[in-house]
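Peer 1: From first to last, the protein sequence lines stand for chains A, B, C and D. With the working numbering as the guide, the letters of the first sequence map in order to residues 1 to 310. With the working numbering as the guide, the letters of the second sequence map in order to residues 1001 to 1127. With the working numbering as the guide, the letters of the third sequence map in order to residues 2001 to 2619. With the working numbering as the guide, the letters of the fourth sequence map in order to residues 3001 to 3822.
I should point out that these hints are in silico values taken from the structure, not numbers from a laboratory. Treat the hints with care, since some could be wrong.
[As the list claims (entries may be wrong)] Result set (DSBU-like, lysine-lysine): computed pairs, CA atoms no more than 35 Å apart in a straight line:
no.	chain 1	residue 1	chain 2	residue 2
1	A	K205	D	K3777
2	D	K3400	D	K3476
3	C	K2547	A	K279
4	A	K280	B	K1101
5	D	K3301	D	K3676
6	C	K2023	B	K1015
7	D	K3239	D	K3676
8	A	K179	D	K3754
9	C	K2297	D	K3483
10	D	K3358	D	K3473
11	D	K3777	A	K18
12	C	K2590	C	K2479
[Claimed, not checked] Using C-beta positions, here's what the derived DEER-type ranges look like:
no.	chain 1	residue 1	chain 2	residue 2	range
13	C	S2606	A	M204	49 to 57 Å
14	C	G2268	D	K3081	56 to 64 Å
15	D	D3750	C	W2314	34 to 42 Å
16	C	G2268	B	N1112	50 to 58 Å
[Unchecked claim] Incomplete in silico selection of chain C near chain D, CB under 8 Å:
no.	residue
17	R2298
18	P2305
19	C2455
For every residue, glycine included, the Cβ atom is placed at its ideal position computed from N, Cα and C.
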Amino acid sequence: MAEAAKILVVDDEPVVIKSAERVLRAEGYDVEGALGGREAILKIEQNSYDLVFTDLKMPEVDGITLIRWIKKSNPSIGIVIITGYPSQDTIKEALELGIIDYVPKPFTPAVLVDVTKRAVEWTAGRKPEEKKITEEFPPAMAAELDRVINDYKIKPGCLIPVLQRAQEIVGYLPPIVQKRISKGLNIPQAEVHSVVSFYSFFTMKPRGDHNIRVCLGTACYVKGIETVLCKIRDTLKIDIGDTTENRRFSLEGVRCLGACGLAPVMVIDQDTYGAMTPKKALGIISRYDPAIAEAVLQETVEEEIVEKEG
Amino acid sequence: MPRLTIEDLQKIKEKHKSDFTLREGGYRAKVTVHMGTCGIAAGARAVMTALMDEISKANVTDVIVTTSGCAGLCAREPLATVEIMNRPPVKYCDLSDEKIKEIFKEHILGGNPVEKYALVVGSETTY
Amino acid sequence: MEKFRANLMLCAGTGCVASGTKKVKDALIEEIKKRGLEEELKVVLTGCNGYCAEGPVMSVYPDEIFYQRLTVEEIPKLVEEHFLKGRPYQKLMFTEPEKKTAIPLMKEIPFFKHQVLRVLRNKGLIDPEKIEEYISRDGYQAEARALTQMTSEDIIKVVKDSGLRGRGGAGFPTGLKWEFASKVKSEVKFMLCNGDEGDPGAFMDRSVMEADPHSVIEGMVIGAKAIGAHKGYIYVRAEYPLAVKRLQLAIDQATEAGLLGKNILDTGFDFELEIYQGAGAFVCGEETALMRSLEGKRGMPRPRPPFPAHKGLWDKPSVLNNVETLAQISPIIINGSDWYRSLGTEKSTGTKVFALTGAINNVGLVEVPMGIPLKTIIYDIGGGPKKGKKIKGVQLGGPSGGCIPERLFDLPVTYEDIVATGAIVGSGGMVVMDDNTCMVGMAKFFLEFTADESCGKCTPCRVGTKILLDMLIDITEGKGKEGDIETLEDLGRDIIAASLCGLGQTAPNPILTTIRYFREEFESHIRDHWCKAGVCRALTTFWIDEKMCKGCGACLRGCPSKAIVGEKKKPHKIIQELCVRCRSCYEACKFKSIKIMPAKYEGEPSELVGAAEAVKEEA
Amino acid sequence: MVELTINDKKISVEEGTTILKAAQMNGIKIPNLCYDKRLRPYGGCRLCVVEAKGQPRLLASCSTPVAPGMIIETDTPKLRKVRQTVLELILIHHPLDCPICDKAGECDLQDVSYDYGKPAGRFVRHRKEALPDVRGPLVELTANRCILCGKCVRICAEHQGRGALGFIGRGFSTVVQPAFGEILQCDYCGQCIDICPTGALLSKPFKFRARAWFLEEKDTICPFCGCGCTLTLGIREGKLLRSRAKEDIGQSNGNLCGRGRFGFDYIYSENRLKTPMVRKNGELVPASWEEALAYISDGLKFVISSYGKTSIGAIGSHRCTNEDNYMLGKFMLNVIGSNNIDSSAAFGYSKVQTILDKAFGLKSHPINMKSPLGKDVILIIESDISITHPVFGLNILQAKREGSQLIVADFKETKLTRHSTSHLKMRQGTSVAFLNGLMKIIIDKRLFNREIVSKMTGFAEFEKNLDNYTPDKVSKITGISEKDILSTAGILASAKSRMLSFTVGFAENTKGADTVLAASNLIILLGEDTDALQIPAEYANTYGLYTMGVRPDAAVPAGKDIFDMLYGSGSLHALYIMGEDPVSAFPYNSKIISTLKSLELLVIQDIALTETAKFAHVVLPASSWAEKDGTFINAEGVAQKLQKIVDPTGQSMPDWQILRNLSLSFGADIGMRSIKDVSDEIGKAVREEQNTSDRRVFHPVSHLPVEEPDADYPMAFVTRDVLQHSGTMSTRSKALDLVVSEAFLEINEDDAGKLGIYDNSHVKVSSRRGTVYLKAKISDSVPSGRVFTSVHFPHGRVNALTNPPENGTAATGAVKVEVVKG
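Based on the provided sequences and hints, a complete structural model is requested.
Peer 2: And the structure:
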């Protein structure tokens, strides 16, 4: 929210105003109170408010009268009614006058915050809508994902294969993808997430164009993968599990690629590179990114100078 | 392949033997490039490609090129085995595309193993 | 086990049988008896040797003489010449038709000489993407025999008698496992293959799946017949794409050929096989965890009992075998249990594949008869340490195993002997370490692995491994304190006693064995703040011994942080403030002038170097 | 039986028993933190390890079954050492905040820690970072206190079939959380709170209200649905603060749903009546008991003298005890002299009884909550039993888990359909056609014993009536594919054992007596026992009030039923309503309102000022369920005692006492000085009716079309119960209202899109009977073209939309939905 929404709470009970103020101020809203409809009208005439929360049953100027007046004089103000056990008739009347929402009294902080948030969005012209996968990813991707889900769903134990295919399609497994799989396979979301978080193959972070996987097996350890890894980390400025800012590379550590004979080993995308040294590794990585190639070149030149000087 | 019967297994075995053993198949030589993960990582694909190029350049038709899995000695990959009729197989190691070209000319076409690249001669004990 | 002077390996491959193996064998046995040699010579029928055109063929071990075109008539002469007179019978020997070359023969190279290939029988010989090639090497003969001529009990008996033990780690007798599952009544059973080779430093399963996928499939069909399963899965690590591709191709080919799927070989037996790709969790190598993973869940192990033979995948009776185990099934079916027992020891029969890696010359996959001494594998096959280095020990069995010091290398490699050292045979990863390896660092490496791979289900493993790791990190950073070693041992033992599954029950092994055999390294880390291998950066400084430095400049050029200064041909010096302790100078120096010193050593370095060397000489 | 030795004690237990259970049964305590008898053994906490002679490894006693001759030691120095280490590891992360933790005093971890002594504290620095707590209504998760025993995760997924919590992450960094760390959204059953061995999961409404050791606990029966679960209520200083389940007692045996656990606070609703009220000058104003009772007796006497005794009617309540209901019956019969008495059971449970009597000669047919267990096939028709009867629903889920086939014919996606082996998506209100279709196939394919069955009464007509129900026709009516109908028939016919279950509540008024009749036919046709048909009584005392004679046919001649009284032609002049709110809860309320308005005397006796009470002449304050003694009979026919837990609110009195006082004021002493007098008389007067000897009669029954959507009213409309509520009274619970506080209109995403509806949009819903204003909720469990809502919420008054309750047709029908622009 660019600016805190300004809210006027109208009730003839000071307790209600107090508690609403306490709850909403904590959420960052600008809240004022008015004891009754008359005071509210005076305040609205002098200040501008985004939202008015009002009780219905008040002495003198009651809620319905206040709403009618606001709708006529300041139609842009959003109105929410706070009322104890609202009857169908009052709801109907208020709705016909054009209120946004109602809060049953007594309310809990959570309910009030929730309603306020919705009302603020409403006045700001936003539609409160759940994000759909097609808004984040191309529709073709969503369609492909659905196809995979449908193909697999009759097979028992298909969650892991589906997640693997999904990761191939989308590149990673953000919550929105997992939720779609949860629904499609009729598996609780928590279970999908728990499976995703269990296996190191799955990632919830987007990956780079090229995925560098460094073997952390024993043979590679003994043969010095750590220095290679350090070099890659330093050059790309990322740690294991991260992706470079330009989304070119992501770096992963893998438990033994089973190519111990060639230790230390590194895999980029589908290609395995053996007998790595820090320099060799950089040379290979630079094939995937010209910018890195330049940096490597620079370093080699420097080394040559040292060599000559020596 | 159609469904097999037990007799077919035997027949396939015999037929394969006659087709693919040098003696009965009428081939000059058989080259096996070892393409396990290690081999591929060490550059077996380039070796394979170079060999195929050479064969097609030389317009030779009686050399079988085949691939196989890991040969065991990962430290010396890429490895290839060259068999010439009536001679025990020779294993070459630490290959490159240049080396395989030389081996093709000298050993496969010329019949003389390239000692400097060779690792070992003979077959392993399998039983 | 009876000891024979020689094994006469007579080929009983189809080709040789066709050319008269049976008669030759009878004649041979008769002749041996006649000469009173039956105590000394053992005749073994083997699978195809590949020399079918020259059959029948026979090799004699350990003499490594190869005979061909045997006939009944020639047998008496051969036995007399070779086994009485002790000179190979030239007439039938395999002669080299070509001129001698300088290329060494297989038996001249120790790497090949000591190996016997059973699991890897087709390695490098067939194209794994062509089923015909597998068939041409007697492939699917065993399956055919098992499905047509053998009952479930027959199969189980042969496998049980062979003494084959699971090659995945625990070494449980395979035949017994099958027997349990076969006795459980259930319409649905599962035959599973564990291709989730997770131990870092072991890659024999990958090699078999890539080089000989049909051997795994054949083993599974035979196993399925034995236990009465009609559905199977091969659980393969996601890190092995080539293995997945080749297995899938093999399954498709075998299915198309009627060797897999419905009504196999028209025998009415069905067995459907599918590949299931793992998603990166070491603990899924544990059988109950693997089954959970196959069900699409978190791969968390489950307490046993109930055992998978009763309630496994989807609560149905299931058998899970390792790739290497399954690859041995078909030769056992063809050649019988006696053939299998002809190698190895009484309790550890047959051959085992080891993935030999680390600080040795010949890195690779080796298959040797069980019972052969560690040093044969490491020094002969592996070719010993790199030049100028000394082997310190070998890590056997991955994160569940332990480190065996060099002084125990006479030990024969059997399940029992290895367990007695505190390590395990495990899946057969052998990582050799030389004096450049810090043993505390090694233990830390494995604990990092297990702590990261612990599924988090049971308390001792989840929290305990993390604490062990934290303590080791402290020690390698110089924050260790007196009593840490004892605490590590004590906690380690409790974790072993209380953990739910094999992962936790073995996770402290690397620590316990390194403490057992390399305690002084721990002590030197804790008390002297000194990592003598120069690995733990916080506990290391490098110092150039001016007396030995020739000023060649090799170290200076290699230093990434430009911490070395010095003029050419004059002793160089390390500026400690700039040094990042990467060891590159140490590796680069040809004159051993660079010394590894304790981190905060304040005395005169030459004194310590002298003292250390004196101590070494004394020992 | 297996013989073994535990701690030198020779014991003998059944085969398959675990060591832990065997020890527990013999009074030997083995510490554990992750075991619960409802769940599969987990083996995670490792505290329950024991030594077995000859076994090198320790055994987890929770999962290892006993073996003959085992020699087990459960408390050796070695075990103490291992357990101490495990506890030490657990306590590294567990904050020692017992002084501010609600669980303190009844915390398993605390208990075990006391048993095993203070840990050595060797590893203090290796602590996990502070973890974010999980928010959500009713249930609070303090992540740092969690010891990852997984009981909550497992009970939610395995037992409740919900799976709202999961283990997130692996190894050391594992935490228990809802998916993606979002707000906990679940069934709010709170079972995880009871099962948590630490203070990680706590009840929000109870938080900081009382220390465990200050609570006085009393057991009573839940006031909501027909399951009749036992609640263990915690009271401090006369105030009811907490409800929880205790293992091994009552029909629920340790299980509760959210209503039972959180809903008890409805007794503290602001809306509670504290004094009698009498209408004066059009307004209800407080009055004294004497004044109110005198007003009523005068009014009743006037009506009797003007229109006769039969112009007075009464409505009893499923919320009231047997004693209350018995007293109402006795008051009507003995004091007024009218048989016009009925209850909400008329819409459901009474119908079922009438039909079962017709078909089988059954005078009473309680369900058995355990009946799903071990059945081959379970068929559920158009019902959401996991919502209406949550604990019965748990047994259905359990049966499915243990291998039963669960077939659910329902148009809405529910928890049962999600767990089903097959979900037949059926058009609402077409159960009769579906059942007839199944029977037609079973007959045509001769999948039954024709010889025996065809001789039964009514078979010929029954068979003839099925002629119209060929698979293709049934498929057209129900929307289920022919293939599915055929396969369902096959599965049902070939099953070794079956259970057929559905509810007939008026809140789910798409089914009627005809469905019960059709189902009975199926049972007879398959030669099944009558127990295969399980139709639970809806509410806490529906079964009881029926048994107590709150029904028009209890005496001769039969009196007016509820249809006559509320929807009839106006022959009634006075109505006495005890504990019921017809305006909110009964269908087609515009007719009810006009009936109520026409009465000369309307007396409402209830705990709160209901929508119906707003039309009353006199309103009497009754004590709530927790404020009185008495008995409820649950759907299983089991009578269970309620206890007075707290003092009555204001001047309220137990219903039976009000009725006694009213009798006195009326001038008739019917005795009953104490609750004991009432129950003694019930014991004498009320006899369980004997079932007629095993009669089996076929009754042809035909599908009656429902009101189909058309151009004017294009959406089909159905009412369904909401999990958090039961009847109307639970909506007065603040705790439950935190989850659902109003009648949302559930609508499919596509339909919502077309109409421009978003979540929480206000919509105007109209049917040919009336109009209501509701908020919309987009739901993917609703099929396109249909909308759902619930009738629990008095201010929702959804029953303005419903049809008159005529048998055979759905009370719900077609509506029009429009957005109300804000």
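Peer 1: State for each hint whether it applies.
Peer 2: Here is how each hint holds up against the structure:
Distance restraint check for A/K205 and D/K3777: the Cα-Cα separation of roughly 31 Å lies within the 35 Å cut-off, and the hinted pair is therefore satisfied. For a cut-off of 35 Å, the pair hint linking D/K3400 to D/K3476 stands: about 30 Å separates their Cα positions. Distance check on the hinted pair: C/K2547 and A/K279 sit about 32 Å apart at the alpha-carbon level, within 35 Å; holds. The suggested pairing of A/K280 with B/K1101 holds, with an alpha-carbon distance near 26 Å, which does not exceed 35 Å.
With a CA separation close to 30 Å, the supplied pair D/K3301 and D/K3676 stays within the 35 Å bound. With a C-alpha separation of about 26 Å, the suggested pairing of C/K2023 with B/K1015 holds against the 35 Å cut-off. Distance hint between D/K3239 and D/K3676 is fulfilled; the C-alpha atoms sit about 25 Å from each other, no more than 35 Å. A distance of roughly 24 Å separates the Cα atoms of A/K179 and D/K3754; the hinted pair therefore holds under the 35 Å criterion.
For the proposed pair C/K2297 and D/K3483, the alpha carbon gap of about 32 Å is at most 35 Å, so the pair holds. Of the supplied pair hints, the one linking D/K3358 and D/K3473 holds, its CA atoms being roughly 28 Å apart against a limit of 35 Å. For the hint linking D/K3777 to A/K18, the alpha-carbon distance of about 31 Å falls within 35 Å, and the restraint holds. Of the supplied pair hints, the one linking C/K2590 and C/K2479 holds, its CA atoms being roughly 34 Å apart against a limit of 35 Å.
C/S2606 and A/M204 have their C-beta atoms about 56 Å apart, which keeps the hinted 49 to 57 Å range intact. At roughly 57 Å, the beta carbons of C/G2268 and D/K3081 sit within the given window of 56 to 64 Å. Here the CB-CB span from D/D3750 to C/W2314 is close to 36 Å, well matched to the stated 34 to 42 Å. The given range of 50 to 58 Å is respected by C/G2268 and B/N1112, whose C-beta atoms sit roughly 56 Å from each other.
Satisfaction of the interface hint for C/R2298 is found here, the shortest Cβ-Cβ separation to chain D being roughly 7 Å, below the 8 Å cut-off. The closest approach between the C-beta of C/P2305 and any C-beta of chain D is roughly 6 Å, which is under the 8 Å cut-off, so the hint is satisfied. The beta carbon of C/C2455 comes within 6 Å of a beta carbon in chain D, closer than 8 Å, and the hint placing it at the interface holds.
Going down the numbered hints, you'll see the structure goes against none, and every one checks out.
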